[in-house]
Amino acid sequence: MDNLIAARATMGFSLGFHIIFAAIGMVMPLLMSAAHYLFLKKKDPAYLELTKMWLKGVAIFFAVGAVSGTVLSFELGLLWPGFMKHAGPIIGMPFSWEGTAFFLEAVAIGLFLYGWKRMKPWVHWCTGLTVGISGFVSGIFVVAANGWMNAPAGFDWIDGAAHNVDPVKAMFNRAWLHETIHMQLAALQAVGFAVAGIHAFLYLRGRAQALNLKAIKIALVFGASAAIAQPFAGHFAGQRVAELQPAKLAALEGHFKTGPRAPLYIGGIPDEDTQTMRWGIPLPGMLSFIAFNDVDAVVAGLDQVPREDWPHVAIVHVSFQIMVAIGMVMALSGVLFFVFLKRRIFPHWYLCLLVLFIPLGMIAIEAGWIVTEVGRQPWIIHGIMRTKDAVTPVPGMVYHFYLFLVLYLLLWCVTGWLFHRQIQAVQKKFEDVP
Amino acid sequence: MTDIIVFFIGASLLLYVLLGGSDYGAGIIELLPAGTFREKQKHVINEAMGPVWEANHMWLILIVVILFVAFPTIFTTLMIALHLPMLALLVGIVVRGTAFTFRHYDAIQEPRSQRAYTLLFGVSSLWTSFWLGIIVASLNRGTINLEAATFWDAYIAPWWGVYPLSVGLFVASIFAFLAGVYLISETDDAALQRRFTRHAAVFNALVIVSGGLVFAASFIERESLPSRFFRTPSTIAAMALATLLFVVLWRVIPKRNALLTRVVAGGQVALILLGWWLLYAPDAVHTVQGPLNFYQEAAPHATMLQLVIALLVGSLFIFPSLFFLLRVFKSKQHPSGD
Chain A
5 MDNLIAARAT MGFSLGFHII FAAIGMVMPL LMSAAHYLFL KKKDPAYLEL TKMWLKGVAI
65 FFAVGAVSGT VLSFELGLLW PGFMKHAGPI IGMPFSWEGT AFFLEAVAIG LFLYGWKRMK
125 PWVHWCTGLT VGISGFVSGI FVVAANGWMN APAGFDWIDG AAHNVDPVKA MFNRAWLHET
185 IHMQLAALQA VGFAVAGIHA FLYLRGRAQA LNLKAIKIAL VFGASAAIAQ PFAGHFAGQR
245 VAELQPAKLA ALEGHFKTGP RAPLYIGGIP DEDTQTMRWG IPLPGMLSFI AFNDVDAVVA
305 GLDQVPREDW PHVAIVHVSF QIMVAIGMVM ALSGVLFFVF LKRRIFPHWY LCLLVLFIPL
365 GMIAIEAGWI VTEVGRQPWI IHGIMRTKDA VTPVPGMVYH FYLFLVLYLL LWCVTGWLFH
425 RQIQAVQKKF EDVP
Chain B
168 MTDIIVFFIG ASLLLYVLLG GSDYGAGIIE LLPAGTFREK QKHVINEAMG PVWEANHMWL
228 ILIVVILFVA FPTIFTTLMI ALHLPMLALL VGIVVRGTAF TFRHYDAIQE PRSQRAYTLL
288 FGVSSLWTSF WLGIIVASLN RGTINLEAAT FWDAYIAPWW GVYPLSVGLF VASIFAFLAG
348 VYLISETDDA ALQRRFTRHA AVFNALVIVS GGLVFAASFI ERESLPSRFF RTPSTIAAMA
408 LATLLFVVLW RVIPKRNALL TRVVAGGQVA LILLGWWLLY APDAVHTVQG PLNFYQEAAP
468 HATMLQLVIA LLVGSLFIFP SLFFLLRVFK SKQHPSGD
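Line by line, the protein sequences are chains A and B. Everything in the first sequence is counted per the working numbering, starting at 5 for the first residue and increasing by one. Everything in the second sequence is counted per the working numbering, starting at 168 for the first residue and increasing by one.
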């Protein structure tokens with residue numbers, strides 16, 4: 005592995021790890037606050053039980069998210085000093101606000117986790133809600149910084165250096181809005197469905213069914229709403245990408261040749277050498293429609309982009325397909341949720357489906373993140389700086405990669421094991437509760 | 168503008184050392200044999216650290232963010248030349264935070280896994296504070312060389328030597344000392360209070376010994392520290408005052424006044440940090456090619472302005488909430504239930 009690939013692998017792996025914990029750490033507190041609210045309103049102890057159950061998850065995932073986030077703030081410099089040297093001052097604004105929001109979150113989580121008997125109930129509830137809101141806001145800031153890498157703004161690039169820096173313009177770049185909406189909805193739906201799936205599993209095992217049904221309802225009110233909104237947010241994102249990064253759009257659709265009535269492929273593996281799509285089912289004109297709301301619009305293909313500026317087309321396309329497919333399935337089951345909620349009965353097969361869906365949202369997050377990051381290559385700052393010019397001069401990055409690979413895999417295993425123990429404990433507790 | 172930002176770096180560093188440092192120290196103390204006190208001690212440390220450790224950890228993140236936003240060249244220089252110690256630090260941070268949290272939130276509490284968490288928490292606390300010291304020592308040695316030809320000169324030499332090693336020991340001792348002092352008033356159990364007092368005394372001695380070692384090593388390895396020290400009267404005064412306060416501290420501790428004890432011990436550490444800061448300010452880092460100065464390396468004005476706004480507005484949120492946190496958990500009347 006050469007240094008660049010190793011550095012990219014390290015960053016990719018660290019972010020891929022962090023994004024899961026960040027999503028959970030962002031959304032779980034919201035679910036927890038909702039349950040807590042219902043307890044305080046209805047005085048039904050089942051909701052208190054749920055709040056305390058979810059609180060443990062919040063504590064564990066928040067801690068892993070916090071430390072893996074610390075690693076990332078260092079890795080920006082450890083792996084990409086050439087990038088940070090210029091980008092730090094330009095995109096510092098979202099990072100400093102993110103720091104503030106995250107700080108507030110860290111204080112609030114201490115208050116919430118340990119403050120049960122020390123505060124008035126509603127004050128205590130507010131601290132829990134603050135965890136959720138500040139976590140959510142800090143997520144928005146971080147993604148806004150990523151948006152800048154895709155749609156750089158707020159500076160003039162003259163002779164390899166940034167001049168006339170305007171941090172406000174940089175933060176509100178052309179990509180921040182669609183990226184943050186898309187990501188925050190993805191977090192809501194992935195975590196909402198995962199939590200619902202776990203409780204569906206417990207329900208099907210016949211443990212504390214009333215409690216688990218309540219949990220499913222809370223989780224899916226968030227998860228299903230987000231899943232239904234997501235296709236619209238995705239469409240908005242697609243249009244912005246068509247405008248800002250034609251090469252990325254072309255790659256994610258495997259669209260090689262410029263032309264009108266561009267087809268949208270379902271499935272398929274793009275072949276960069278022959279510049280064709282293999283085994284894909286074309287829907288004529290649909291790509292033109294997605295990009296420009298017009299089936300006859302001309303969509304720029306990869307032939308408009310110099311070959312050395314292509315991202316890895318197959319990876320981007322396949323990841324995109326996975327993300328969209330999962331998104332569609334989840335949107336559909338989101339609609340079903342509201343139908344069943346209205347009818348006040350959840351069929352057995354739907355609950356089984358929810359169990360199957362536990363990992364789906366997370367897979368979609370990873371796939372979508374690969375689409376945006378790999379799709380931006382070879383640029384680290386789109387059109388301004390190449391990733392290879394930003395990488396650290398320190399040799400042997402491959403060992404850095406192995407180190408974090410082992411560390412994070414271990415951490416995954418331990419978190420998974422803890423989770424298993426948590427479920428065990430819950431099952432044991434409700435052994436006799438039908 | 169730069170003054171305000173540099174002040175925030177200094178203040179964050181101080182708060183990180185005092186607050187985060189006590190958390191590291193608690194881990195180091197848990198490494199010591201505790202016999203029958205093991206469980207009780209663990210409980211006290213969980214209660215004392217649990218609500219605050221995430222917030223205390225934030226000061227470090229704040230320093231990193233301020234550095235890369237406002238002083239990008241200083242940030243990237245450190246991340247290149249000190250890549251290896253930074254990695255060691257990160258591994259420690261990851262293991263420490265997760266081990267501590269997992270210990271508390273493991274749904275099934277049984278002795279074997281609890282012992283493993285405690286061991287990991289302790290070892291990584293010691294490891295992390297040690298590397299923190301090495302990094303701090305390497306900032307101003309003038310050995311950082313971004314134009315070096317060999318791997319050794321570029322990535323090992325900047326932090327290699329007995330001097331950085333002894334600063335590592337010094338920092339770990341300070342952290343453990345702070346934790347000892349801090350924990351005394353976190354428990355009502357007289358026997359445990361005596362234990363923490365004894366720990367504080369032992370680490371107090373270690374602070375003095377390792378401080379002497381830092382000085383001796385810097386003489387032997389011809390570091391810039393001694394000559395700067397004797398040229399900087401304010402540093403000499405700060406260090407002298409910090410040493411004198413040890414006498415005050417050990418007169419205050421038997422009085423069992425939590426606030427006063429903490430103020431004195433915290434004041435000592437603040438003085439040590441201030442003395443060190445005055446040695447080099449406003450130079451942040453010394454390289455073979457010359458010093459990197461906060462004022463010359465500052466980001467463009469627009470960035471600095473936005474950062475100051477973020478820091479000041481952020482303070483309006485953070486300081487009241489931190490105050491609330493302390494008020495809620497440091498009033499003794501209720502046990503925390505979770």
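Honestly, I wouldn't trust all of these hints.
DSBU-like cross-link-like pairs, simulated, lysine-lysine; straight-line CA separation at most 30 angstroms [as the list claims (entries may be wrong)]:
no., chain 1, residue 1, chain 2, residue 2
1, B, K209, A, K392
2, A, K47, B, K422
3, B, K422, A, K56
4, A, K173, A, K346
5, A, K46, B, K207
6, A, K46, A, K121
7, B, K497, A, K56
8, A, K432, A, K261
9, A, K218, A, K433
10, A, K346, A, K47
11, A, K121, A, K392
12, A, K261, A, K56
13, A, K392, A, K46
14, B, K497, A, K124
15, A, K121, B, K209
16, A, K56, A, K173
17, A, K433, B, K207
18, B, K422, B, K497
19, A, K432, B, K422
20, A, K45, A, K124
21, A, K173, A, K47
22, B, K209, A, K124
23, A, K124, A, K173
24, B, K422, B, K207
25, A, K124, B, K207
26, A, K221, A, K432
27, A, K432, B, K497
28, B, K497, A, K433
Derived DEER-like restraints, expressed as beta-carbon distance ranges [claimed, not checked]:
no., chain 1, residue 1, chain 2, residue 2, range
29, A, A165, B, K422, 52 to 62 angstroms
30, A, F423, B, D356, 30 to 40 angstroms
31, B, L483, A, Q431, 41 to 51 angstroms
32, B, A383, A, P125, 55 to 65 angstroms
33, B, L198, A, C356, 41 to 51 angstroms
34, B, L483, A, T280, 39 to 49 angstroms
Hints in this document: simulated from the structure, not taken from any laboratory. If you're wondering where the values come from, they're calculated on a predicted model, not measured in any experiment. For each residue, glycine too, the CB sits at the ideal point set by N, CA and C.
- Keeping to a limit of 30 angstroms between CA atoms, is the pair of A/K173 and A/K346 held or broken? Violated, because 45 angstroms separates the two Cα atoms, which is more than 30 angstroms.
- Message: Against the 30 angstroms threshold, does the CA-CA distance of A/K432 and A/K261 hold or violate the hint?
- Response: violated (60 angstroms)
- Message: A/K47 and B/K422 were given as a pair; does the straight-line alpha-carbon distance stay at or below 30 angstroms?
- Response: With a Cα-Cα distance of about 46 angstroms, the restraint between A/K47 and B/K422 is violated, given a limit of 30 angstroms.
- Message: So if I understand the rule, the pair passes when the alpha-carbon distance is 30 angstroms or less; does A/K45 with A/K124 pass?
- Response: holds (14 angstroms)
- If you draw a straight line from the CA of A/K432 to the CA of B/K422, is it 30 angstroms or shorter? Not satisfied, since the Cα-Cα distance of roughly 49 angstroms exceeds 30 angstroms.
- Distance restraint between B/K422 and B/K497, which requires alpha-carbon spacing of 30 angstroms or less: Status holds; Cα separation ~19 angstroms.
- Query: For the pair supplied as a hint, A/K173 and A/K47, is the alpha-carbon distance within the 30 angstroms limit?
  - Reply: Violated. A/K173 to A/K47 sits at ~48 angstroms, over the 30 angstroms cutoff.
- Query: Taking only the CA atoms, is the gap from A/K124 to A/K173 under or equal to 30 angstroms?
  - Reply: violated (42 angstroms)
- Task: Verify the proposed pairing of B/K209 with A/K124, using a straight-line Cα cut of 30 angstroms.
- Result: holds (28 angstroms)
- Message: Run the distance test for A/K392 versus A/K46: straight-line Cα separation, threshold 30 angstroms.
- Response: At roughly 58 angstroms apart (the allowed maximum being 30 angstroms), A/K46 and A/K392 break the hint.
- Query: Holds or violated: are the alpha carbons of A/K261 and A/K56 at most 30 angstroms from each other?
  - Reply: Status violated; Cα separation ~56 angstroms.
- Query: Is it true that B/A383 and A/P125 lie within 55 to 65 angstroms of each other by Cβ?
  - Reply: holds (58 angstroms)
Taken one by one, the earlier hints fail for this structure at numbers 1, 2, 3, 4, 5, 8, 11, 12, 13, 16, 19, 21, 23, 27, 28 and 34, listed in ascending order.
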